[in-house]
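In order, the protein sequence lines correspond to chains A and B. Just so it is clear: in the first sequence, position 43 is 43 by the working numbering, and no numbers are missing. Just so it is clear: in the second sequence, position 77 is 77 by the working numbering, and no numbers are missing.
In short, the hints are calculated from the structure, not lab data. Accuracy of the hints is not assured; some may be wrong.
Said to hold, decoys possible - Pairs of lysine-lysine, DSS-like flavour, derived with a Cα cap of 30 Å: (1) B:Lys42 with A:Lys71; (2) B:Lys103 with A:Lys57; (3) B:Lys15 with B:Lys5; (4) A:Lys57 with B:Lys71; (5) A:Lys65 with B:Lys5.
Computed from a prediction, not measured in an experiment: that's the story for all the values here.
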Amino acid sequence: EAQVTQNPRYLITVTGKKLTVTCSQNMNHEYMSWYRQDPGLGLRQIYYSMNVEVTDKGDVPEGYKVSRKEKRNFPLILESPSPNQTSLYFCASGGTGSSYNEQFFGPGTRLTVL
Amino acid sequence: QQQVKQSPQSLIVQKGGIPIINCAYENTAFDYFPWYQQFPGKGPALLIAIRPDVSEKKEGRFTISFNKSAKQFSLHIMDSQPGDSATYFCASGGSNYKLTFGKGTLLTVNP
Numbered sequence: 001e002a003q004v005t006q007n008p009r010y011l012i013t014v015t016g017k018k019l020t021v022t023c024s025q026n027m028n029h030e031y032m033s034w035y036r037q038d039p040g041l042g043l044r045q046i047y048y049s050m051n052v053e054v055t056d057k058g059d060v061p062e063g064y065k066v067s068r069k070e071k072r073n074f075p076l077i078l079e080s081p082s083p084n085q086t087s088l089y090f091c092a093s094g095g096t097g098s099s100y101n102e103q104f105f106g107p108g109t110r111l112t113v114l
Numbered sequence: 001q002q003q004v005k006q007s008p009q010s011l012i013v014q015k016g017g018i019p020i021i022n023c024a025y026e027n028t029a030f031d032y033f034p035w036y037q038q039f040p041g042k043g044p045a046l047l048i049a050i051r052p053d054v055s056e057k058k059e060g061r062f063t064i065s066f067n068k069s070a071k072q073f074s075l076h077i078m079d080s081q082p083g084d085s086a087t088y089f090c091a092s093g094g095s096n097y098k099l100t101f102g103k104g105t106l107l108t109v110n111p
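With the sequences and hints as input, model every part of the structure.
Listed below in structure tokens is the structure:
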């Protein structure tokens, strides 16, 4: 089944404790992206990657890091989480060709930083 | 700055009604305009999308109307059902894969 998976789905942590949210896709997509969703603010892009070893900042990159060492994986790293990073996070991937813009979303990771 | 403005923030209709959600974009380089549907506890999923070479696209009960000169597009849901209750996001995209999303519309369809 074609899908984007994220782990963990739920995470409660404390300020300053480094964490990683994993994202994996099995559709051989070149493009991958991380978003955060907050009430009233919609989906805001954190980082994206056009291909392996190619990453770039989105609209709200502060406090986050990413890496793209393999085509299928795109982990999101919070090196020193703060309470304002409490949010719902989505990973997405996109293909090429005529449907290159279409993005497929994972199920989400709900993060709480105390 | 907000590049895609979506309205209304929330919408309540009766079963069988035709909810309409509107979006306006600023960047004339955008050439891909999708609508995503999100149910509680799930990730957004592509519902329908349009490119600016057509003014309307219909898939089942869902229709996108596109007005290139006004830089606006809208989603119409015909014969709405309680199962259509969800959050709807419009988005705009260009040649670099990036999508810019609106803030979302919470639709409630009452039985």
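Open item on the list: So if I understand the rule, the pair passes when the alpha-carbon distance is 30 Å or less; does Lys42 of chain B with Lys71 of chain A pass?
Closed with: Between Lys42 of chain B and Lys71 of chain A the Cα gap is close to 24 Å, so the pair holds against 30 Å.
Open item on the list: Check the hint pairing Lys65 of chain A with Lys5 of chain B against an upper bound of 30 Å on the C-alpha distance.
Closed with: holds (28 Å)
Task: Pairwise hint evaluation, Lys57 of chain A against Lys103 of chain B, where the allowed Cα distance is 30 Å at most - done: Answer holds: Lys103 of chain B to Lys57 of chain A is near 20 Å, not above 30 Å.
Open item on the list: Lys15 of chain B and Lys5 of chain B were given as a pair; does the straight-line alpha-carbon distance stay at or below 30 Å?
Closed with: Given that 30 Å is the threshold and the Cα spacing comes to 27 Å, the pair holds.
Task: Hint consistency between Lys57 of chain A and Lys71 of chain B [alpha-carbon to alpha-carbon, up to 30 Å] - done: holds (26 Å)
Comparing the model with each earlier hint shows no violations; every hint is respected.
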